[in-house]
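Chemist: Spelled out, the chains give:
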Amino acid sequence: MTERLRVHVDPDKCQGHARCKALAPELFELDEYGNAHEAGDGIVSPGLEDKAWLAKSNCPEIAIDVIEE
Amino acid sequence: MSDVSQPAAHPPVTDWVHDFDHTDPQWTEDPFPIWDELRAASPVVHTERFLGCYMPTTYEAVREIANDTEHFSSRRIIVRDVRPEVARNAAPPITSDPPVHKPAKQLLLPPFTPDAMKKLEPRMRAICNELIDGFIADGKVDAAARYAKYIPVRAIAHMLGIPESDSDLFINWIHMILELGIKDESKLLQAVQEMSAYFRTHIEERRSKPTDDLISYLMNAKDKEGQPLEESHVLGSLRLLLIAGIDTTWSAIGSSLWHLARTPADRERLIAEPGLIPIAVEELLRAYSPVTMAREVVKETTISGCPVKAGNMVLLSFPAANRDPKVFPDADKVVIDRRENRHAAFGLGIHRCVGSNLARMEMQVALEEWLKRIPDFRLDPAGTVTWSQGTVRGPRQLPFLLGKAM
Ligand code: SF4
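Protein chains in written order, with my numbering: chain X, 10 to 78; chain W, -14 to 391.
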């Protein structure tokens, strides 16, 4: 059984440290203020799972969720 | 008359847990064992010094305070011996609380995004190489005074559109505000006045000749009612950018080079794997975080179970949080390829450092260019390393011998 991952940024918690974008540029985008949101629908393509977890564990604001679907 | 550059002495500390003092020479020299001692005693410790001051010692307690703008105000951001009246628009947004904080911060964010910093990178590489050209043939150098110090000041001068050749003037103001000002109000006021006068001249010039630098950017900015910012706001933000941009990254670059000078294995690894430098920069930021901000308790509350009373200051030590072994395994070691690293070197919550993307870029470039041209270096045993005091911690004298040891 394969599980699919999805990333989500909580906009109320994100303070724009930009760690997620640096570590997983495929999964996150920054707005004009440097605050992050997930790219597209947040679905993590196969092979990028590690990057998703890495971004989560490096976000100083604990703003990133990695959801197993 | 004696030189006022020596701050008034505080009695030496004999009981760190109940009487700590972040300006004590022992703390300045080597704070790490002191933080461990304080953390073992309590998540929040208190001193009567500085008219009453708390210090959270754990990552969790630091996070709680950073996120609690109701009980902890940013109107004062440096722990000092005095509590003069709070100046309006002292240095927005760092000195602002909600709700005025957000618009002031949003104004400054766009020029400091990672993409904006990418455009600045070639200029930074050129500055680093110019600096290296100035000493590489000598075989020795004070890497703090002749390298680390000039990288951030020239970067922010470049962004503000003020002459990079005025760097020494700016550095002196910062020293007066962040170090001497802790104990000598007159030094702080003098520097603030000189700085404001300097920026007023530049503002005047731009009225007749607009430019595309940050001064013009702030002059042209509008508030949410569509009105231009008050001049005191523009000046306050300009002072902030200059103050915050200099000492901090100078310290971070200096501490990183200090570490690499003493740790040949890490140095060799970064030379062999330059792709690791961005990750190493995060770890060096964690281990040697330069900046400790302050808050003022404005309403009684509890933090990690400890009562805190209004009227006291808080030494919001992000550096101590970053050494909390509950959050960082082997917190006292520099693990150059540490992958999980949610360090708080740039603060947490709404006051996250506006310049963090700039600082990261400067650190990466400074280390890359240095290691490319100077792969071998070590501390000069004939010299002395000295550290700054107070709000920002980093080496101020860093004597190195360059090249392979004979
Ligand atoms: S690392 Fe966290 S705080 Fe930083 S931009 Fe990403 S989600 Fe936001």
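It is possible that part of the hints are untrue.
[Stated by the list, open to error] Mimicking DSS-like on lysine-lysine, the simulated pairs with C-alpha atoms at most 27 Å apart in a straight line are: (1) X:Lys22 to W:Lys103; (2) X:Lys22 to W:Lys284; (3) X:Lys65 to W:Lys168; (4) W:Lys87 to X:Lys22; (5) W:Lys168 to W:Lys87; (6) W:Lys90 to X:Lys65.
These aren't lab readings, by the way, just hints derived from the structure by calculation. Bear in mind that the values here come from a model prediction, so they are computed numbers and not experimental data.
Chemist: None of the hints should be skipped; say for each whether it holds.
Modeler: These are the hints, each one checked on the structure:
1. For the hint pairing X:Lys22 with W:Lys103, the CA-to-CA distance comes to about 26 Å; that is within 27 Å, so the pair holds.
2. Straight-line distance between C-alpha atoms of X:Lys22 and W:Lys284 comes to about 23 Å, which keeps the hinted pair within the 27 Å bound.
3. Between X:Lys65 and W:Lys168 the CA atoms are separated by roughly 42 Å; this puts the pair beyond 27 Å, and the hint is violated.
4. With a C-alpha separation of about 14 Å, the suggested pair W:Lys87 and X:Lys22 falls inside the 27 Å cut-off, and the hint holds.
5. About 31 Å separates the Cα atoms of W:Lys168 and W:Lys87, which puts this hinted pair outside 27 Å; it is violated.
6. A hinted pair counts as satisfied when its Cα atoms are at most 27 Å apart, and W:Lys90 with X:Lys65 qualifies at roughly 25 Å.
The structure shown violates the earlier hints numbered 3, 5.
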